[in-house]
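Chains as they are written, first to last, in our numbering: chain A, 181 to 327; chain B, 181 to 327; chain C, 4 to 481; chain D, 4 to 481.
These are calculated hints, taken from the structure and not from any lab test.
This one's a predicted model, so the numbers in the text were calculated from it and none came from an experiment.
Treat the hints loosely; a few may be bogus.
[As the list claims (entries may be wrong)] Straight-line alpha carbon distances no greater than 20 Å define the calculated EDC-like cross-link-like pairs of lysine to aspartate or glutamate that follow: (1) C:LYS247 - C:GLU208; (2) D:LYS121 - A:GLU288; (3) C:LYS333 - B:GLU253; (4) D:LYS361 - C:GLU208.
[Claimed, not checked] The following residues of chain D were derived to be distant from chain A, with all beta-carbon distances above 10 Å: (5) ILE5; (6) GLU33; (7) ILE38; (8) LYS267.
Even glycine gets a Cβ: it sits at the ideal position worked out from N, Cα and C.
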Amino acid sequence: MGADNNIKGTVVTGVIGEDVHIVGIRIIEQALNDNGFKVSSMGAQVSQEEFINAALETNADAIFISSFSGHAEILVRSFRDKCTEAGLNDIILYIGGSLLLREEQWEEVEKKFKDLGFNRVYPPGTSPTRAIEDLKKDILLRREKGD
Amino acid sequence: MGADNNIKGTVVTGVIGEDVHIVGIRIIEQALNDNGFKVSSMGAQVSQEEFINAALETNADAIFISSFSGHAEILVRSFRDKCTEAGLNDIILYIGGSLLLREEQWEEVEKKFKDLGFNRVYPPGTSPTRAIEDLKKDILLRREKGD
Amino acid sequence: MIKNKKLSEDEFFKQRQEVLAQWPTGKEVELDEAIEYHKNLPPEKNFVYKMRYAKEHDEIYASTGMGKATVEEQIELLQYVEKEGKADLLGLSPDSLTRQNDYKAAQRGWEESLKTGKSKLNGLPVVNCGVSGIRKLVESVNCPVQPRYGAADARLCDEILFAGGCSNSSPDVFMDFWQHSAKVPLEKVVKTHQYVCRLMGYYTERGVPICAGAQGFYGAGIPPSLQTATVILSLLLQVEQGVKHLSVKCTGHGNLVQDVVSSKVRLKILEEYLDKLGYKDIEMFPGISFSLMQYPVEVGSSFAVIFMNTLMAKLIGAQQNDIRTVAEAKAIPTKEDVAETFRTAKAMQNFIQKQNIKLDEKEAALEAQMEEKEVKAILDKVLEFGDGDPLAGAAKAVETGVLDNPFAANRAAAGKVLGIKDSAGAIRYYNTGNLPFSKEIIDYHKEKIAEREAKQGHKVSYETLVSDLLAVSNGYLI
Amino acid sequence: MIKNKKLSEDEFFKQRQEVLAQWPTGKEVELDEAIEYHKNLPPEKNFVYKMRYAKEHDEIYASTGMGKATVEEQIELLQYVEKEGKADLLGLSPDSLTRQNDYKAAQRGWEESLKTGKSKLNGLPVVNCGVSGIRKLVESVNCPVQPRYGAADARLCDEILFAGGCSNSSPDVFMDFWQHSAKVPLEKVVKTHQYVCRLMGYYTERGVPICAGAQGFYGAGIPPSLQTATVILSLLLQVEQGVKHLSVKCTGHGNLVQDVVSSKVRLKILEEYLDKLGYKDIEMFPGISFSLMQYPVEVGSSFAVIFMNTLMAKLIGAQQNDIRTVAEAKAIPTKEDVAETFRTAKAMQNFIQKQNIKLDEKEAALEAQMEEKEVKAILDKVLEFGDGDPLAGAAKAVETGVLDNPFAANRAAAGKVLGIKDSAGAIRYYNTGNLPFSKEIIDYHKEKIAEREAKQGHKVSYETLVSDLLAVSNGYLI
Ligand code: B12
Ligand code: B12
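Chain A extracted, bound-state conformation (with noise of 0.2 Å):
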């Protein structure tokens, strides 16, 4: 929609904390790969410090996260402040699953996330290609303000 085709990028991905599910976010790791973006795929049980490390290694445009143990609220707390203290300024943080406890008001869910510093946030079910429409836009945002 408007995004242009030719935007790729490198994506960390994997799932937050003490959290195993993994089929989720294996499959949008399927989708960005099929749409061109380099995938750099932690799996499972992965920690805030290795999601940062592995983004700065491969100097990532986006980090993907994906929660389904409702326990997200707790885990990804102050981890955008994290990744700006690293030097991972203005990175695309997107978060996906089935993020709380208790069903809630959708958008309450994706304002309490918003505020935790995550560009997007994505109910369960989410289809791949929505989020990848999103990134590219967002890829193409964060560089036209990086020049």
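Given the coordinates of chain A, work out where chains B, C and D with the ligands should sit on it, guided by the hints.
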């Protein structure tokens, strides 16, 4: 429950209006019979006039109206008055079944039909035993008053 | 004297004038124009074509009655259920005043509903809405709009429904006599039904197939053979008048062996009698409903009832999965109730329809044998009463209790037959009343009941009967 | 080197000291006292006795995981589900921090939950609650409290659960290695599991039967034979340590022929290998779960999933109907969610459990034959790698992809095998990776996939795979 087991009486039973739902009242009739009541069974599709005439003929203590069409409110309008006009003073009137088209708070349904002159109102699934216990009490009361 | 004989075109058209004069909207009906109208409808809106498609593709379609007091409300309901409920058939229930031909009272309910915007009737006042109303409805959706109702005299209502674009109805003589009227004599009901079927035949003969359905009577709690005999008689009335497409309703009681067997026996004997009486080229579509006297009040269990209904549909090869919504026990369902129920049914149907499961055939053989004997005993007695005519002896059969119904609303029912469940949940004759059964049959049922008594350690009684009627509602088979 | 060999009592008790020292509540566990405690519990609270009763009486019991952050909340939940959900088994899910042995973090979540009165964990922090907490729970209900969980190292958690009065667990080595840990090597998982099973054997040998369960890995989307081979290996570990009662979990994928066949093959081959390897007097209780990668978001369809699960349970003769609540796709279920789901399941079970339906045997024969060959090919290769020891060769098997799992969380998985549905909804190998399969087997699966491609008119792809994973969630089989 306090009610004298020797209390017997005569009950006119039937399904009012264009309604054909006969099974519920058949079961009630069987139970009334088993408990020694005289039952004057009018069957399905009974008009207000037919109920009143049968009650006059049998010198009934009570009329049991069953209604499942959802049209009960319209069908029993001014029934109490007509009973009184016909000389059925203080006749016991019970109604039961699926009385309204939309499920409403039971308290409201009950109030609606009590205001229409019914002594007791029963929801679908009422056990015959309960109705018979009530009837014994009400007949006793009525006879005491009559004295 | 009633006879099972096709109305001549003269008789039919003479009677038709009276029928159409019963209410002003009768004037809107023009047969030739209506036939043209049907021919211009997309074929998937025709009930027969849709059933045929289902049969050829092993599909199962959920079906239920739905009725609101105005066309506008009905459209909203059907469109919602079509979309959100993934429906394949869209039921249409006329209200009960219309069923009783009290079009004046229906008019009052209709007008009050239009004024207040709240449904004041338990179904659609079809006659008052007229042909144009029904066409508006039919045109507002993509599935066949399927009238589902019984009435002692549905002549005008069906005239309007067919002219409005509907292509099925259920002129089910015994159902309508016993269950849908309290005082109308059988002879009268036969006559109105012969008229309606003649009308269906008229359309059919002119290239617009119309499907007729029958289930005999509301079968909950009564062993299947009596219902089967009655269904067959109802269907014989239909085909004689020119009906070619039959929706043969079967009733599930909960024991799958009995349910599957009885549906097979029903179809088999029907074919035999059609053959014997010389009716050719009749197309049959079985349907099933898990027939309860009381549907579960509790939503969880009511999904379990849909589970059984769907499983039965699968096992008997039904096209129609005739279900009740999860709100059935309580009130007229809302559009959300219907859609949720239909979504569940659709998923169940999708999951099960092409699977390779079946009944244990061995256990089924004896059951089938006995049921065949029962059905034929009844049918042959009725034919005997009528000197070979299936309707001529019907009134006598009803009078004497050779055809019987314990839960009839009509006063003209012997009401002697009673059913009770055996220990496997199959329905047995607790009382055979005046059914013309051999000792072998009577003993078979006695034995089954004795088996249950032995298992539960006490005799069955009228209370058992009532508790049987309510078992499934409470989440148990027995 | 790992070996499938019973731990000596010495080794066991030495390791036990370390285990119990992992968290202060470990001190509460006293084996002899715990055994006495079990012996004084009513027998119907024992999981094995309950399963045996079900088996003898053709009963099916619903089972699901349920976990709240505090004992008090868990009691409220279980009591509600027991009463309002008519439950026969009461699941208990430990939270995921506990599963990862992060008792400190679990303690924080627990304390915060106690303080705020709101569950802050996705399950019960069993270790923090301690023996007394679990006993309070067990004593508050009448059904067995059934721990349902996986963890790479469940030693302390299981110590506390058993001492608390629970009598089953699922020390399922491959499930826990692949699905419940990302970094722990197989050898380590084997060791913790040998310990847990030794503990279960210890109780069992002293007259307190404890049941061990296994399902191999989360099987959604993967053909059954690979899972069967893996389950059998997991179970062989259990019995070697003295476990005598097995809950053999089977996985339904939607095609009933495949589902029933694979459960039968699973039990048959298990018996063969138990026999071959000399294990005697093993009692088996089959259970089934309709395993989806994504449960339906829409409530209607989720009842249809319970329908299939229950039908599968019936057809395979399972005692446990292992279901997910209607809230599964969304969040941790409330007590109302669980109760409603259980009521539905209970009614379905009541309706179906004694019915006489079965699978079409003919179609099943070839499927069974092929599956047996597949399972044995894998098992024999693993045994070959281990010189006849089922665990000694396991690490190599995992490394080389002779045992594989495409959806493993653990990095040590070849991840080459992929499954896809055929046109009847059975799962086939789209990619056999390094599974030691003959050409005959590979061709069989290829053919089935080709059949589907022919039917749908285009090739299957990774997208097909994803859409297959989500089909049932949307109310379709394929
Ligand atoms: C399969 C499964 C498991 C498997 C996981 C197997 C594995 N290795 O992956 C097993 C059995 C091991 C498991 C275990 C547990 N599970 Co689990 N599990 C599920 C289940 C059934 C399906 C998840 C799944 O794979 N979906 C399929 C994929 C394709 O869909 P998806 O995950 O939604 O992914 C899509 C999108 O969300 C999106 N996406 C996902 N992440 C991201 C990230 C970004 C950046 C973007 C853009 C998009 C995106 O893209 C994907 C592709 O379209 C869900 C319930 C459900 N949804 O039906 C519960 C569920 C997720 N599990 C749950 C829980 C609680 C657990 C346990 C803690 C056990 C328990 N107490 O019940 C343990 C946890 C173990 C641990 N340490 O984490 C809960 C979570 C509740 C919550 N959030 O409050 C759920 C919702 C079940 C429930 N209702 O209780 N589970
Ligand atoms: C069987 C049935 C039929 C059969 C009736 C057969 C017959 N001859 O009796 C048939 C198929 C013919 C039928 C037709 C219709 N039905 Co109908 N039917 C039912 C059904 C499934 C069961 C009723 C029943 O027999 N219950 C069994 C008995 C034992 O229980 P019970 O009736 O509750 O009786 C007990 C108590 O209520 C109490 N009781 C009853 N009356 C009284 C009176 C007194 C004084 C006392 C003390 C106690 C008492 O005692 C009984 C014994 O314990 C109900 C839904 C349900 N409940 O599951 C719908 C239902 C009653 N029907 C309904 C409707 C609308 C119709 C139709 C108009 C069709 C339509 N539009 O859908 C037609 C009406 C035809 C007509 N002219 O009236 C609606 C009524 C809705 C409403 N009130 O708003 C219901 C609730 C279904 C629904 N959800 O839409 N129906």
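Among all the numbered hints in the text so far, which are the ones the structure does not match? 4
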